[in-house]
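Chemist: Sequence:
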Amino acid sequence: MPGSTRATLLLSNLGVSFTLHTYVYDPNAGRIGPQAADALRVEARRVLKTLMAEVDGKPVCVIVPSDREVSMKKLAAAFHGKAAKMMAAADAERLTGYHVGGISPFAQKKRVAVAIKQTALDESSVYINGGQRGLRVELAPDDACQALGATVAALVV
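Numbering-wise (my numbering), the sequence shown opens with residue 1 and increments by one.
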C-alpha cells in the first residue's frame, strides 16, 4: 500500500508532523470508523471520521469521532446555516476526488469549509483518513485544525 497520497503530500508540504498507519480495510464492516479503531487498537474517540455534508446547499466537510453521530442541527449552526444534510456518496467522491472509506479532509479536489468536533482537541493525537482505504495519519489535533483552517464546534448528538 503506497503511503503517498494527496493528503500525505499536503501534510508534508505544510511541515506537519504525522505518522502513517495502515490496516486491513473491511468494506463489509457496518461502520468503517470503529472497524479502523479496532484494527489500529486505539480508542474509537481518537479515530475521526470524515463526512461530507451540505449546509444550506453548500458542501462542507465534517470531522467527528468514529463512535459518534453528527447532529444536523448543530452542523448547520456551526456554519451559520439553517439546514444540513449528508451528501450522497457519489457526490462526495466527485467533490473530494477520494473514494468513500478513503475520504480525507486534506487535499480534497475542491476545498470546502471544514468543522471538527471540539473534543477531538482534547486528545494528544488523532487518526484521520490519509486519502485511501486502510490508511490513517496520526497527528496532533491542533495541527489538523491549522492545516484545514477548521472551525471547532459541538457537532454530535
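Wrong hints could be hidden among the right ones.
[Said to hold, decoys possible] Distance ranges between label pairs, derived from CB positions:
hint, residue 1, residue 2, range
1, S125, G57, 33 to 39 Å
2, D142, S71, 20 to 26 Å
3, A113, V157, 18 to 24 Å
4, G57, K109, 14 to 20 Å
5, S71, T19, 29 to 35 Å
6, D122, P34, 16 to 22 Å
7, T19, L121, 26 to 32 Å
8, G97, A153, 33 to 39 Å
9, R31, L9, 15 to 21 Å
10, K73, T22, 34 to 40 Å
11, L14, K73, 29 to 35 Å
12, D122, S17, 29 to 35 Å
13, V152, M72, 33 to 39 Å
Since the hints were made in silico from the structure, they are not lab data.
Don't be surprised by glycine CBs; every beta carbon is placed ideally from N, CA and C.
Chemist: If a hint holds in the structure, say so; if it does not, say that too.
Modeler: Structure-based check of each hint:
1. S125 to G57: 33 to 39 Å: About 35 Å separates the Cβ atoms of S125 and G57, which means 33 to 39 Å holds.
2. D142 to S71: 20 to 26 Å: 24 Å, holds
3. A113 to V157: 18 to 24 Å: 21 Å, holds
4. G57 to K109: 14 to 20 Å: 19 Å, holds
5. S71 to T19: 29 to 35 Å: 31 Å Cβ-Cβ, so the 29 to 35 Å window holds.
6. D122 to P34: 16 to 22 Å: 19 Å, holds
7. T19 to L121: 26 to 32 Å: 19 Å, violated
8. G97 to A153: 33 to 39 Å: At 25 Å between Cβs, range violated.
9. R31 to L9: 15 to 21 Å: 28 Å, violated
10. K73 to T22: 34 to 40 Å: 36 Å, holds
11. L14 to K73: 29 to 35 Å: Given range 29 to 35 Å: holds, Cβ gap about 33 Å.
12. D122 to S17: 29 to 35 Å: 19 Å, violated
13. V152 to M72: 33 to 39 Å: Violated, at about 18 Å.
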